Amino acid sequence: MGNEEKQSKILGDGKSKYRVIGTRPVRPDGVDKVTGRANFGADLQIADMIFGRVVRSPHAHAKIKSINVKKALALPGVKAVITAADFPELDKSDIAAGEVTVSFHDMSLNVIARKKALYDGHAIAAVAATSPEIAARAAELIEVEYQVLKPVMTWKQAMDPKSPLLHDGMITKGVKPPPEKPSNVNARHEFALGDLAAGFAEADVIVEHEFSTETVHQGYIEPHACVASMSADGMATVWSSSQGQFMVRAQVAKLCGMDISKIKAIPAEIGGGFGGKTLVYLEPLAVALAKKSGRPVKMVMTRDEVFRATGPTSGGHGRCKIGAKKDGTITAADLELEYEAGAFAGSPVMLGCMTGTTPYDIKNMRAVGYDVVVNRPKAAAYRAPGAPVAAFVVESTMDILADKLGMCPLELRLKNAAKEGTKAPYGPKFLRIGYEETLLAAKNSKQWNTPLGPNQGRGIASGFWFNIGGNSSASVALNEDGTVIVVTGNPDIGGSRASMAIMTAEVLGIEVSRVKPLVADTESVPYSDLTGGSRVTFATGKAVIEAAQDVVKQLRQRAAKVWEIDPDQVEWKDGMAVAIETDKYKPLSIADIAKVAGKTGGPISGKANINAQGAGPGFGTHICDVEVDPETGFVKVLRYLAIQDVGTAIHPSYVEGQLQGGAVQGIGWALNEEYVYSKEGNLLNTGFLDYRVPVASDMPMIDTILVEVPNPGHPYGVRGVGEVPIVPPLAAVANAVSHAIGKRVSALPISPPKLLAIIQSKG
Amino acid sequence: MAKVVLPLDAARTFANGVTHVEIEASDVRSLLRALDLRFPGIGQRLRTGTAIAVDGEIFQDPYLELVKPNSEVYFLPAIEGG
Numbered sequence: 003m004g005n006e007e008k009q010s011k012i013l014g015d016g017k018s019k020y021r022v023i024g025t026r027p028v029r030p031d032g033v034d035k036v037t038g039r040a041n042f043g044a045d046l047q048i049a050d051m052i053f054g055r056v057v058r059s060p061h062a063h064a065k066i067k068s069i070n071v072k073k074a075l076a077l078p079g080v081k082a083v084i085t086a087a088d089f090p091e092l093d094k095s096d097i098a099a100g101e102v103t104v105s106f107h108d109m110s111l112n113v114i115a116r117k118k119a120l121y122d123g124h125a126i127a128a129v130a131a132t133s134p135e136i137a138a139r140a141a142e143l144i145e146v147e148y149q150v151l152k153p154v155m156t157w158k159q160a161m162d163p164k165s166p167l168l169h170d171g172m173i174t175k176g177v178k179p180p181p182e183k184p185s186n187v188n189a190r191h192e193f194a195l196g197d198l199a200a201g202f203a204e205a206d207v208i209v210e211h212e213f214s215t216e217t218v219h220q221g222y223i224e225p226h227a228c229v230a231s232m233s234a235d236g237m238a239t240v241w242s243s244s245q246g247q248f249m250v251r252a253q254v255a256k257l258c259g260m261d262i263s264k265i266k267a268i269p270a271e272i273g274g275g276f277g278g279k280t281l282v283y284l285e286p287l288a289v290a291l292a293k294k295s296g297r298p299v300k301m302v303m304t305r306d307e308v309f310r311a312t313g314p315t316s317g318g319h320g321r322c323k324i325g326a327k328k329d330g331t332i333t334a335a336d337l338e339l340e341y342e343a344g345a346f347a348g349s350p351v352m353l354g355c356m357t358g359t360t361p362y363d364i365k366n367m368r369a370v371g372y373d374v375v376v377n378r379p380k381a382a383a384y385r386a387p388g389a390p391v392a393a394f395v396v397e398s399t400m401d402i403l404a405d406k407l408g409m410c411p412l413e414l415r416l417k418n419a420a421k422e423g424t425k426a427p428y429g430p431k432f433l434r435i436g437y438e439e440t441l442l443a444a445k446n447s448k449q450w451n452t453p454l455g456p457n458q459g460r461g462i463a464s465g466f467w468f469n470i471g472g473n474s475s476a477s478v479a480l481n482e483d484g485t486v487i488v489v490t491g492n493p494d495i496g497g498s499r500a501s502m503a504i505m506t507a508e509v510l511g512i513e514v515s516r517v518k519p520l521v522a523d524t525e526s527v528p529y530s531d532l533t534g535g536s537r538v539t540f541a542t543g544k545a546v547i548e549a550a551q552d553v554v555k556q557l558r559q560r561a562a563k564v565w566e567i568d569p570d571q572v573e574w575k576d577g578m579a580v581a582i583e584t585d586k587y588k589p590l591s592i593a594d595i596a597k598v599a600g601k602t603g604g605p606i607s608g609k610a611n612i613n614a615q616g617a618g619p620g621f622g623t624h625i626c627d628v629e630v631d632p633e634t635g636f637v638k639v640l641r642y643l644a645i646q647d648v649g650t651a652i653h654p655s656y657v658e659g660q661l662q663g664g665a666v667q668g669i670g671w672a673l674n675e676e677y678v679y680s681k682e683g684n685l686l687n688t689g690f691l692d693y694r695v696p697v698a699s700d701m702p703m704i705d706t707i708l709v710e711v712p713n714p715g716h717p718y719g720v721r722g723v724g725e726v727p728i729v730p731p732l733a734a735v736a737n738a739v740s741h742a743i744g745k746r747v748s749a750l751p752i753s754p755p756k757l758l759a760i761i762q763s764k765g
Numbered sequence: 265m266a267k268v269v270l271p272l273d274a275a276r277t278f279a280n281g282v283t284h285v286e287i288e289a290s291d292v293r294s295l296l297r298a299l300d301l302r303f304p305g306i307g308q309r310l311r312t313g314t315a316i317a318v319d320g321e322i323f324q325d326p327y328l329e330l331v332k333p334n335s336e337v338y339f340l341p342a343i344e345g346g
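So the sequences go chain by chain: P and W.
Each residue of the first sequence is one higher than the one before, starting from 3 at the first, in this note's numbering.
Each residue of the second sequence is one higher than the one before, starting from 265 at the first, in this note's numbering.
Don't read these hints as lab results, they were simulated from the structure.
All of these numbers come straight from a predicted model, not from anything done at the bench.
For glycine and all other residues, C-beta sits at the position ideal for the given N, C-alpha and C.
Zero decoy hints are in this set.
Covered, in the sense of this in silico footprint (three residues per stretch, anywhere, with C-beta under 8 angstroms from a C-beta of chain P), are these stretches of chain W:
#1 271-281
#2 322-328
#3 340-346
Please put together the full structure from these sequences, using the hints given.
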């Protein structure tokens with residue numbers, strides 16, 4: 003792999019208090035996944051199943067004048083055709099779905115267009131037939147008459163008052179007084195602390211720079227896929243790959259005009275989501291087709307459809323101005339961001355405003371963000387939504403500031419690092435956080451102290467994400483032989499089955515191999531929020547711990563019954579019931595108690611239904627070393643180190659995997675990935691050959707250092723870890739390349755032709 | 265009295281731009297009621313898609329969380345994730 007120094011280590015107090023937490027057992031779902039036995043969204047086959055196909059707009063911006071489905075319906079084998087007319091028209095009440103607030107009204111129009119096609123690939127109609135080939139032929143026979151409109155493809159075009167409007171009546175929110183005329187700007191957000199002008203007046207040095215990024219896709223390997231069936235009495239069953247079966251149920255119910263109780267959502271295994279599967283695309287169409295045809299309907303997107311019609315994340319623009327004293331103390335920061343939301347309002351620009359400067363203690367700051375609609379697919383969540391682009395803007399400007407001050411960029415960050423008690427840009431003061439520890443770990447790392455060669459550069463950047471809790475349910479049931487089943491309602495994306503099993507085993511004091519974790523459907527476990535926001539190990543883990551503690555309480559009671567003593571006289575120690583202050587009774591194992599459960603009160607199980615609070619924020623610092631070929635502009639990543647405050651690593655391998663995966667996605671964002679559109683607004687690179695994500699042979703080993711600063715809001719100190727690692731890489735890479743060539747790189751991706759032009763430019 | 269900081273847009277819409285206020289309340293529910301009495305309409309705005317930070321701890325979907333006499337309370341957008 004070409005890596006000169008490898009390190010993967012955990013920095014903590016060195017004294018593990020735990021029996022199971024911190025160990026690295028094989029994941030319970032691992033064998034099925036590596037042998038191909040696991041069932042993903044596209045794997046389900048059921049009797050009488052037919053196949054759905056979506057008709058998509060070839061235009062980025064067009065009025066739909068008419069849709070004629072007669073020829074398609076006449077084709078033998080076609081069982082149903084649907085258009086927007088088959089769905090209820092919804093009002094504009096907002097909900098939170100994923101981390102991007104969307105309205106069901108907009109979601110409905112995104113799933114299937116009603117009057118206007120708003121991006122290349124927008125669903126217009128769908129057909130179901132007895133074979134995928136017939137469905138494809140029928141889709142071609144559906145005649146759609148369009149009035150083609152001028153597309154609005156970038157934030158800059160969209161904010162030009164002369165550009166066409168995507169939506170009638172979009173009045174910019176967050177502006178007082180409200181604008182009189184509609185525009186393509188959905189909202190202006192502002193966060194501020196202190197006195198900006200006074201802060202800049204105090205500064206000895208002020209730097210200001212502008213940056214831009216392109217639309218990028220989450221790039222999950224598994225395309226969206228589902229099967230839906232409807233019973234004669236109107237009960238729907240939906241099998242699909244998603245980040246939350248309860249989310250699927252709720253959104254399908256709303257979009258199809260059904261009661262939640264009439265829908266059962268069964269989670270398939272998921273081949274990557276990264277936020278992009280926190281909402282539905284195919285499921286409502288499949289349900290409508292199943293309802294109309296009376297047959298189960300399977301729908302699987304092609305890669306082309308995934309790129310054209312499912313959630314990328316916003317491209318955008320940013321400007322940052324930072325003032326500092328000669329000693330590096332930052333006195334003020336002013337951040338402005340414009341994010342492209344896609345065809346409907348709701349980019350993550352507000353989260354960009356809330357996160358960009360958060361690693362630093364800045365008394366005077368302002369962050370202003372504009373949410374802008376353009377004729378691209380509606381942005382969906384993508385790991386730490388909004389934060390990577392904001393961090394690219396701020397962390398690059400920090401690098402420029404360090405250069406101007408003649409200061410080491412790491413020392414500049416240390417000088418201004420947020421600590422316990424620092425006020426975040428969005429208001430509250432931090433409780434215990436570990437950002438400073440990540441910088442100290444970076445300073446002491448081998449990579450930071452490795453000399454660089456010719457045409458090589460090193461970049462450092464930091465990042466922040468809030469992490470969240472939320473609603474989670476869990477049950478823990480004791481089998482007759484003392485083995486245990488733990489059931490939760492969250493699809494396992496990043497190894498959460500293993501984490502749930504480990505925490506259950508820790509509470510019960512048993513081997514993790516004796517715990518089987520299950521992910522249940524919507525009728526087999528109470529409600530849980532979706533898998534997202536780095537919440538599952540924290541929040542669902544908390545529910546699992548409470549459910550396991552409930553079991554321990556019952557185990558003590560049962561042992562007390564066996565011994566005919568008070569339950570308070572029984573403690574649970576190392577997986578055994580032990581009578582306190584007497585050796586009269588032989589300790590009882592969990593298997594001993596399970597064996598006689600019928601005699602002491604019946605089966606034993608515990609449950610917990612919680613809204614978990616106390617999520618601890620996360621900070622990361624990344625170091626990237628690159629070498630630039632001055633003749634081609636090609637960038638080779640030589641070494642990469644991701645350091646993060648992870649709270650407590652329940653299963654360190656999966657925590658390291660989160661850091662490595664986030665870093666690689668961020669490196670791809672920085673170097674290669676972008677949506678390329680024709681001037682008519684058609685997406686040109688709809689496959690992985692042309693939309694280039696990094697592959698293993700492109701990358702060095704991504705080294706990691708897990709800094710363990712336990713979160714006081716979790717019994718085992720867990721912090722979410724999945725989002726932070728995609729925040730720093732954009733700037734870490736850009737800073738490294740800028741140092742390698744001696745010129746500032748301000749636009750992503752840093753593709754070879756673009757970089758070569760910068761290298762060859764004067765100035 | 266808890267020290268309450270209102271979001272800029274809510275302050276501009278409902279509170280004549282006043283962002284810092286002191287409110288007597290024992291929990292989030294009573295705090296929202298008191299704010300609504302002082303600035304009619306702000307309660308509904310702050311109950312929608314909003315999280316609350318009380319003394320640095322962020323609560324999503326808050327309702328019964330305790331507020332102390334000297335607590336610092338901030339409203340911020342509800343945050344989810346990818």
